[in-house]
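If you read the first sequence in the working numbering, its first letter stands for residue 1, the second for the next number, and so on.
No lab work stands behind these hints, which were simulated from the structure alone.
Within a straight-line C-alpha distance of at most 16 angstroms, the following computed EDC-like cross-link-like pairs (lysine to aspartate or glutamate) qualify: (1) LYS222 x GLU232; (2) LYS173 x GLU229; (3) LYS299 x ASP322; (4) LYS222 x ASP200; (5) LYS33 x GLU541; (6) LYS368 x GLU289; (7) LYS264 x ASP434; (8) LYS488 x GLU558; (9) LYS455 x GLU387; (10) LYS392 x ASP460; (11) LYS363 x GLU346; (12) LYS363 x ASP314; (13) LYS187 x ASP404; (14) LYS204 x GLU217; (15) LYS187 x ASP405; (16) LYS79 x GLU36; (17) LYS187 x GLU257; (18) LYS394 x GLU354; (19) LYS368 x ASP307; (20) LYS194 x ASP402; (21) LYS363 x ASP373; (22) LYS173 x GLU232; (23) LYS194 x ASP404; (24) LYS30 x GLU541; (25) LYS367 x GLU289; (26) LYS367 x ASP311; (27) LYS272 x ASP260; (28) LYS368 x ASP314; (29) LYS12 x GLU60; (30) LYS48 x GLU60; (31) LYS222 x GLU209; (32) LYS79 x GLU60; (33) LYS368 x GLU288; (34) LYS33 x ASP518; (35) LYS299 x GLU288.
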Amino acid sequence: MNLDQLLSDAVKSAINALYGGAEAPLQIQKTRKEFEGDYTLVVFPLLKASRKSPEATASEIGEYLVAHTPQISGFNVIKGFLNLSLDSAFWAERFAEIAADERFGQAAPTGRTIMIEYSSPNTNKPLHLGHIRNNLLGYSVARILQANGHNVIKANLVNDRGIHICKSMLAWKLYGGGETPASSGMKGDHLVGKYYVEFDKHYKEQIRELTASGQSEEEAKKNAPIMREAQEMLRRWEAKDPEVYGLWETMNGWVYEGFDVTYKALGVDFDKVYYESQTYLLGKSLVEEGLQKGVFFRKEDGSVWIDLEADGLDQKLLLRGDGTSVYMTQDLGTAFRRFEENRLDEMIYVVGNEQNYHFQVLKLILKKLGYADWSDHIFHLSYGMVELPEGKMKSREGTVVDADDLIAAMIATAREMSDELGKLDGCSEQEAADVAAMVGLGALKYFILKVDPRKTMLFDPRESIDFNGNTGPFIQYTHARIRSILRKAEEAGIDFRSGAESVALLPEEIALVKTLADYPATVRAAGENFAPSIVGAYAYELAKSFNGYYHDHSILREENVAVRDMRIRLAEQVARTIRSAMALLGIEVPERM
RNA sequence: GGUUCCGUAGCUCAGUUGGAUAGAGCAACAGCCUUCUAAGCUGUGGGUCGAGCGUUCGAACCGCUCCGGAAUCACCA
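Could you build the full structure based on these sequences and the hints that come with them?
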C-alpha cells in the first residue's frame with residue numbers, strides 16, 4: 001500500500017465532496033517536528049475553490065477526512081496548514097510491511113541502462129584527494145542508481161597517453177638508474193609520480209639557465225632540451241617505436257598495480273575500463289561528417305573548427321592542422337561509440353567543474369551534428385574542488401594530499417580511537433583491523449559525500465575528520481549498538497520475530513517507523529538528483545533518532561514481552577536500513593566498534 | 001570581458017524543488033555512565049540566509065540589478 005497514494009486519494013475525494021472538482025495541485029508534506037501530526041496539507045491553493053478562510057477550509061477538510069478515512073485519527077489547524085494524524089495501528093501495519101519487505105528501499109527494475117564514468121585518472125602520478133572525491137561520488141551514484149532499478153555500467157576512462165606520461169618516462173630513463181617498484185619497494189604509481197616531479201625539477205632548472213643566458217621565459221619553455229626530448233618521445237610513441245612503446249607499457253603497468261591497490265582500499269570498482277590509447281583516434285570520422293554537414297569548417301592551415309559564437313561561446317578547435325586529434329575529438333568519438341554500443345538511456349560523466357565549458361561544448365556539438373537524442377541524455381555530474389586550509393592543492397608544490405597516505409592515516413586514527421576506548425579488547429587482531437578500516441574509511445567517505453558535489457569543499461587534515469557528531473562513525477556506531485542488542489537477544493534465546501501480536505506504539509516509535517517509511521522516497525530523490533548527500537542526511541537522521549530512543553527506553557529490559565519483541569524488531573529494521581543506506585554511500589558498517 | 005557555478009551561525013555543512021518560529025555537527029559552557037556499547041544523550045548561547053528591488057496569500061529557494069569568490073574561455077587532457 002502506497003502511503004502517498006492513500007493520502008492524496010483521501011484528500012482528493014474530500015475536496016471533491018466539499019468543493020466540487022477543483023483542479024489544484026495537492027501539497028502534502030511531512031509535518032514539521034514542532035507541530036502535532038504526521039502529514040500536513042497546505043490549504044492555501046484551495047482557497048479559490050472553497051471561498052472560505054484558510055482556517056475554515058482546513059477545518060472542513062479535516063473533519064471530512066476523519067469521518068471518511070479510517071486511518072486518519074485526528075487533525076489540527078494552524079493558519080493555512082491542516083495537520084493530519086494517522087492512528088498508531090496504521091503505523092504498526094507500515095512497520096510490519098517494511099519488516100516483511102526483503103527488498104526494502106530497492107525499486108523495481110526500470111529497464112533503463114545508465115553508464116557512469118568516473119575516476120578517469122592520468123597514469124603519470126598517484127591519486128590524490130581530488131580523485132577520492134571523484135571516485136566516491138561516482139561509485140555512490142552508481143549504487144544509488146542501481147537501487148532505483150536501473151542497469152548501471154560503471155566505466156573508467158584511463159588517460160594513459162600524452163605528453164605527461166612521456167615526462168615521467170623520460171625522467172625515469174635519464175635519472176632512474178633502472179629503479180623499479182620491486183627494487184625500490186615503492187608502490188608503482190608513486191614511483192612513476194616521483195619521476196614526474198623529477199622531470200619538472202630539471203625542466204625548471206633548464207628554463208632558469210636559458211633565461212639567464214638571455215632567452216625570454218616563453219622561448220626558454222619551448223627550447224628546454226628536456227621538454228623537446230619529451231615531445232620527441234610522444235612522437236615516437238605515436239609511431240609505435242618499440243623502445244618507447246615498451247617502456248610506456250612497463251611504466252603504465254606499474255601504475256595500474258598501484259591504482260588497483262588504491263581502488264581496492266577505497267572500495268570502488270568498474271565494469272568497463274577504457275584506455276585513451278585505444279580510443280584517441282575515434283571521432284575523426286565525426287569530424288568528417290560535421291564538415292560534410294557544414295556544421296564545422298576548415299581553416300587555411302587545415303585545422304577544423306566549429307563556430308559557437310551564436311550560442312554565446314567561442315570558436316572551438318576539433319582537429320589540428322596536422323590531422324591529429326584533440327580532447328574534444330576524442331570525447332565526441334567515445335560518446336558516439338558508447339551510445340552506439342550500449343544503447344544507453346543516459347550517460348553520466350563524473351568530472352570536475354573545471355571542465356564545465358568542455359561539456360557544454362560537447363553537448364552542443366552533438367546536437368548540431370543531429371544527435372540531439374544523445375546530447376540530451378548526457379549529464380555532466382560536475383563537482384567542486386577540494387581545497388586545503390592553505391588553498392588549492394598543487395602537485396608541483398607538494399601540497400597535494402595523497403590518497404594512499406590519507407586512507408592509511410584515517411585507518412590509523414580509527415585504530416587509535418578504538419584502542420583508547422578499549423572497544424575491541426576482546427576481539428581478534430584481524431577483527432580489530434577490519435573495524436578500524438571500516439571506521440576510518442567511513443569517516444572519510446561520509447565527510448566527502450555529505451556535501452553537495454557542486455560546492456568547493458574544504459578539507460582540513462587536522463580538524464575535518466571527526467568521529468563524533470554528524471559523521472560516518474556516528475552512524476556506524478548506532479548500527480554496532482543495535483547489532484549488540486540483537487546478539488544478546490539471540491544468546492538469551494528470545495524469538496522476537498515470531499511475535500506478531502500488535503502492540504501500541506509510543507510516539508518515539510512511530511517517529512522511527514515514519515523515518516523508516518521515508519527510505520524508499522529518499523532513495524528515489526537521491527537517484528533523481530544524483531545526490532549521495534540526500535542518503536547521507538537520511539542515515540544520519542535515522543541514527544540520531546534511534547540514539548535518542550535508545551537512551552530513553554529499554555529494549556531488552558522491557559518487561560512486557562510483546563513490547564520487548566516489537567522493540568527488538570524495530571531496532572533490527574533500523575540497523576538494516578542504516579546498513580542499506582550506508583551501502584549506497586559505499587560505506588560498510590561493523591558488527592561492533 | 002563572455003559563459004557556468006558558489007555566497008546560510010565563529011568554523012564545516014544541511015535545508016525534502018515556493019510553505020509554518022531557517023536546522024545539524026564542530027568549537028564554547030553546564031549536566032548525564034553500579035542499568036541493552038558515553039564513538040552516546042540532554043541543555044545554554046550563537047543568524048540582516050552577501051545587498052537591494054520585484055513576482056505572491058507566502059521567498060534562503062523564482063526573476064532582475066549590484067557586491068564578493070571560484071572555474072573556464074589553448075593546435076593540454
